[in-house]
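Number of protein chains: 2
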Amino acid sequence: FSLDYQHVQVPFEITLWIMLASLAKIGFHLYNKLPSVVPESCLLIFVGLIMGGIIYGLNDRSPPVMDSDIFFLYLLPPIVLDAGYFMPSRPFFENIGTILLYAVVGTIWNVFGIGFSLYGICQVKAFRLQDVSLLHNLLFGSLIAAVDPVAVLAVFEEIHVNEKLHILVFGESLLNDAVTVVLYKLFRSFCEMPTIKSVDVFAGVGKFFVVGLGGVLVGLSFGFTAAFTTRFTKDIRVIEPLFVFLYSYLSYLTAEMFHLSGIVAIISCAMGMKRYVEANISLKSHTTVKYFMKMWSSVSDTLIFIFLGVSTIGENHEWNWPYICFTVIFCLIWRALGVLVLTFFVNRFHVNTITSKDQFIIAYGGLRGAICFSLVFLLPDFHRKKLFIAATTVVILFTVFVQGMTIRPLVDLLAVKRKRESAPTVGEQIHIRFLDHLLAGIEDISGHWGQYYWKDKLEYFNSKYLQKILLREYDQPKSSIVLLYEKLERKHAIELAQAGQLGHGPAQPSFLAVTTDQKLEDTPNPDVLDNMQEILARNLYRIR
Amino acid sequence: FSLDYQHVQVPFEITLWIMLASLAKIGFHLYNKLPSVVPESCLLIFVGLIMGGIIYGLNDRSPPVMDSDIFFLYLLPPIVLDAGYFMPSRPFFENIGTILLYAVVGTIWNVFGIGFSLYGICQVKAFRLQDVSLLHNLLFGSLIAAVDPVAVLAVFEEIHVNEKLHILVFGESLLNDAVTVVLYKLFRSFCEMPTIKSVDVFAGVGKFFVVGLGGVLVGLSFGFTAAFTTRFTKDIRVIEPLFVFLYSYLSYLTAEMFHLSGIVAIISCAMGMKRYVEANISLKSHTTVKYFMKMWSSVSDTLIFIFLGVSTIGENHEWNWPYICFTVIFCLIWRALGVLVLTFFVNRFHVNTITSKDQFIIAYGGLRGAICFSLVFLLPDFHRKKLFIAATTVVILFTVFVQGMTIRPLVDLLAVKRKRESAPTVGEQIHIRFLDHLLAGIEDISGHWGQYYWKDKLEYFNSKYLQKILLREYDQPKSSIVLLYEKLERKHAIELAQAGQLGHGPAQPSFLAVTTDQKLEDTPNPDVLDNMQEILARNLYRIR
Numbered sequence: 001f002s003l004d005y006q007h008v009q010v011p012f013e014i015t016l017w018i019m020l021a022s023l024a025k026i027g028f029h030l031y032n033k034l035p036s037v038v039p040e041s042c043l044l045i046f047v048g049l050i051m052g053g054i055i056y057g058l059n060d061r062s063p064p065v066m067d068s069d070i071f072f073l074y075l076l077p078p079i080v081l082d083a084g085y086f087m088p089s090r091p092f093f094e095n096i097g098t099i100l101l102y103a104v105v106g107t108i109w110n111v112f113g114i115g116f117s118l119y120g121i122c123q124v125k126a127f128r129l130q131d132v133s134l135l136h137n138l139l140f141g142s143l144i145a146a147v148d149p150v151a152v153l154a155v156f157e158e159i160h161v162n163e164k165l166h167i168l169v170f171g172e173s174l175l176n177d178a179v180t181v182v183l184y185k186l187f188r189s190f191c192e193m194p195t196i197k198s199v200d201v202f203a204g205v206g207k208f209f210v211v212g213l214g215g216v217l218v219g220l221s222f223g224f225t226a227a228f229t230t231r232f233t234k235d236i237r238v239i240e241p242l243f244v245f246l247y248s249y250l251s252y253l254t255a256e257m258f259h260l261s262g263i264v265a266i267i268s269c270a271m272g273m274k275r276y277v278e279a280n281i282s283l284k285s286h287t288t289v290k291y292f293m294k295m296w297s298s299v300s301d302t303l304i305f306i307f308l309g310v311s312t313i314g315e316n317h318e319w320n321w322p323y324i325c326f327t328v329i330f331c332l333i334w335r336a337l338g339v340l341v342l343t344f345f346v347n348r349f350h351v352n353t354i355t356s357k358d359q360f361i362i363a364y365g366g367l368r369g370a371i372c373f374s375l376v377f378l379l380p381d382f383h384r385k386k387l388f389i390a391a392t393t394v395v396i397l398f399t400v401f402v403q404g405m406t407i408r409p410l411v412d413l414l415a416v417k418r419k420r421e422s423a424p425t426v427g428e429q430i431h432i433r434f435l436d437h438l439l440a441g442i443e444d445i446s447g448h449w450g451q452y453y454w455k456d457k458l459e460y461f462n463s464k465y466l467q468k469i470l471l472r473e474y475d476q477p478k479s480s481i482v483l484l485y486e487k488l489e490r491k492h493a494i495e496l497a498q499a500g501q502l503g504h505g506p507a508q509p510s511f512l513a514v515t516t517d518q519k520l521e522d523t524p525n526p527d528v529l530d531n532m533q534e535i536l537a538r539n540l541y542r543i544r
Numbered sequence: 001f002s003l004d005y006q007h008v009q010v011p012f013e014i015t016l017w018i019m020l021a022s023l024a025k026i027g028f029h030l031y032n033k034l035p036s037v038v039p040e041s042c043l044l045i046f047v048g049l050i051m052g053g054i055i056y057g058l059n060d061r062s063p064p065v066m067d068s069d070i071f072f073l074y075l076l077p078p079i080v081l082d083a084g085y086f087m088p089s090r091p092f093f094e095n096i097g098t099i100l101l102y103a104v105v106g107t108i109w110n111v112f113g114i115g116f117s118l119y120g121i122c123q124v125k126a127f128r129l130q131d132v133s134l135l136h137n138l139l140f141g142s143l144i145a146a147v148d149p150v151a152v153l154a155v156f157e158e159i160h161v162n163e164k165l166h167i168l169v170f171g172e173s174l175l176n177d178a179v180t181v182v183l184y185k186l187f188r189s190f191c192e193m194p195t196i197k198s199v200d201v202f203a204g205v206g207k208f209f210v211v212g213l214g215g216v217l218v219g220l221s222f223g224f225t226a227a228f229t230t231r232f233t234k235d236i237r238v239i240e241p242l243f244v245f246l247y248s249y250l251s252y253l254t255a256e257m258f259h260l261s262g263i264v265a266i267i268s269c270a271m272g273m274k275r276y277v278e279a280n281i282s283l284k285s286h287t288t289v290k291y292f293m294k295m296w297s298s299v300s301d302t303l304i305f306i307f308l309g310v311s312t313i314g315e316n317h318e319w320n321w322p323y324i325c326f327t328v329i330f331c332l333i334w335r336a337l338g339v340l341v342l343t344f345f346v347n348r349f350h351v352n353t354i355t356s357k358d359q360f361i362i363a364y365g366g367l368r369g370a371i372c373f374s375l376v377f378l379l380p381d382f383h384r385k386k387l388f389i390a391a392t393t394v395v396i397l398f399t400v401f402v403q404g405m406t407i408r409p410l411v412d413l414l415a416v417k418r419k420r421e422s423a424p425t426v427g428e429q430i431h432i433r434f435l436d437h438l439l440a441g442i443e444d445i446s447g448h449w450g451q452y453y454w455k456d457k458l459e460y461f462n463s464k465y466l467q468k469i470l471l472r473e474y475d476q477p478k479s480s481i482v483l484l485y486e487k488l489e490r491k492h493a494i495e496l497a498q499a500g501q502l503g504h505g506p507a508q509p510s511f512l513a514v515t516t517d518q519k520l521e522d523t524p525n526p527d528v529l530d531n532m533q534e535i536l537a538r539n540l541y542r543i544r
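Taken in order, these protein sequences are the chains called A and B.
So that you can map any letter, position 75 of the first sequence is 75 in the UniProt record's numbering, and since no number is skipped, the others follow by simple counting.
So that you can map any letter, position 524 of the second sequence is 524 in the UniProt record's numbering, and since no number is skipped, the others follow by simple counting.
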């Protein structure tokens, strides 16, 4: 009897790590009180710290740090795909201007703010930091400034703030990837250049647009190809879900290959394909996609936080009190200032303003996470790299533990507006739709190219061209109201069947019984609803 | 703008191969006539041959062959897991004796038959094969004798023969893995030994039991651990499906690590965990497990056949007409003889005999596939390895193309009994259950330890101990009849909801309307059914 561990080592260890992560998750939930006080991300980092300590104690050398390649190629994409696929598109596009302002201008503000002020600290002779150049400080600023989508998602999913606030912080954390990629690579190449010409700086500015818009283009083209492919999967339902994953992942990898923003690409891909793919694939495939995506991103998320903890233990830190403390302080100050200034401008152009409570949560919710951590390890070797690693680790632990654990009590204390729990009623949906058409008409008449104008044009382009190419059974698609109705009916039917009432008792009026009880008798049946919707849509279009 | 392909190469190429496989599958189904004439496996090998030809033409060197590690560690487990998880347990256990006889004795018969007769061929001077020793011939016999589960599954899923015939061939192809592993490793180590003692031969015989039973033990222990784990996933439904995959894969890897039969382990794990896991996890998790497993195994299957085709092209073949032709002939003859002889004995002990038509299909369905192919590449280097590779390739292509393409017409021609399409009715289920209890009682009284006796004991052990440990909500579990009823009701409810009839028209009697119309009025409601079942079960037990 012999043991052949070598042979199975790679898959065996991967499976064991995933198993550990999953079991840790189960463990937390066995005690119901724990997750309600401490965010799961903190608990997972804590488990990682213990694991790292054990490995360190047993081997007497630093435990393996999280490989940046593994993080960027395998752990990050599932989380971002999940985020993009289930992104609520309405609030996202309604606030896209504000989100972009925070993501682009805000991140640049933070990078330069943190970079220059840390350079100022380095000039103090007593701190013995004079060998850290301005460029190195800016490089460090570029990696520490970006808010991390994984950390934000982990914390904000548990505190249930209102939809707008959530999308502002979360959207920023996703879209700032383009800025981070550009600035990080720019400063890194500047560090290796002998002299920097002004041409290089301008090329850097140009790159912003290339990296961001290139990501969007790559993502959309893969997304539409995915939708087109699912037109032909009617006879082999079994591999339908695969295409959603394959094309999104390819869009991410392609973007990374061309040094574009992979996160932006996968999000565009997911948002672009979603409505067409969902119309083409079967309901079971849809369930599989949905639950598998959630499962996968949850596992990735868990692994990332555990590895963060494991990687913290070890001997790759150089401790310098002033530099590390001032990094934390500057991260907080510059973000707060940035949010205040940018929101001031945003509020001047909007009726629905961002309140000061919201501003506080936006500033406070600027958590750092595994992206910074992976970027700092990717730095070229230079003599202060270990200082940067230490500072990054402290910032991440500070934001995840201190901010992550206090944000929920703060949200309660400030009475920040929460997310509404119930789905919009049919009446609300009709009104929202009606107002959309109305505002599009007003914008059209007044010659203002606002969001409703563009949304309307896009809808027109979609129904005129895209749907014909990308959908299998092309006829006037069911409106979201009818779909909602069908979903509620299905849910109700299953509940009835489970209670064993179907067909045994007298006929029960089931329509929308789930949401309201008064409406029961006078709600129209689906044909009437469909008709109503069609009249609304047709008449509002015809006027123009 | 630079391209960084190196960075993303590994995941990019894996994704592209999977994409190619999936698109090929879609392509075949676009023309409805094609898959009904040619089995998909043949088409996929054909695509692989073309791909291999292109790669060979472009690079002017042999395309990469399928890595045996990749095959055994990543491609095979999903297929076997799928097979084990959805194995119909009743026909499997009813025919376990026959299956084991075919798998163990039949495979040994084939190995020695093919090995010795090929050795005879090698003695003919004109063929110039005198340097191939008896041991090498036996080693070759041990890898070429085993029927391949992947190939069998691919062909038999399309021809829909009756359940018993299917389980005989398919069960044999799964369980012969233990025999193949033992004999292959035995002969390979004999090849490297200077002298062979009789002790080694006896140790080899002992290993059969260790490898087979060890696999079962490893599988069952992981299966029960998986079931136990899902007891605690109530609060985190999202990672439930993961445990099914993780534990099964771990059982496979652990078995491989200890040189046990991984296939046997993963099948025992899947069959052991299934009923408990299904009771513990949510319905959505169950759908995810089911569809993801099907998807994954379908993709693995596709990749295997494509790679088989790709690997065929190249310069690693040594052609020797007599050896290759006689290999094909001996494979056919020895299998036919083996099935005839073994079935003769089987039929003497059974009332429900295997007809001569069935015997023909069993013998003819002995397809070889990727397992042989991977094993032949794992052979230690010796001067006739390329001849063995060529012979294996020809046997695989012959069985998959010639036998795979003609088996469907033959099944039609012989009018082999087909699978019944409809699910058993409630009446049938009650009768089957009643007979089970009756036969268990008769066996008990007559002191005969037959299958019903053991099944009854196992059921008792299960409900007395296992269920209490492994199930979350332990109360008398619902019988399969009630579960079937609930499933039908749910289906019916969804259909009603989709037709928009729910709650609008008068109450329709829905119970079992899907299967029969006459029963409608007098069928009992679920409580009555439950009661009926309980009375049946209790009284039949109490008598003893």
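If you're looking for bench data, these hints aren't it; they were derived computationally from the structure.
It cannot be assumed that every hint is accurate.
No copy labels: a pair is met if it fits in one copy or bridges any two.
Cut-off 27 Å, straight-line C-alpha distance, at most; resulting in silico cross-link-like pairs (BS3-like, lysine-lysine) [stated by the list, open to error]: (1) 197 <-> 207; (2) 125 <-> 33; (3) 468 <-> 491; (4) 491 <-> 284; (5) 274 <-> 284; (6) 294 <-> 491.
Verification of the hints:
1. 197 <-> 207: Classified as within: same-chain Cα gap 16 Å, cross-chain 73 Å, threshold 27 Å.
2. 125 <-> 33: neither (49 Å within a copy, 82 Å between copies)
3. 468 <-> 491: Intra 31 Å, inter 32 Å, cutoff 27 Å: neither.
4. 491 <-> 284: both (15 Å within a copy, 13 Å between copies)
5. 274 <-> 284: This pair counts as both: shortest intra-copy Cα distance 15 Å, inter-copy 20 Å.
6. 294 <-> 491: both (21 Å within a copy, 26 Å between copies)
Checked against the numbered hints given earlier, this structure breaks hints 2 and 3; the rest are met.
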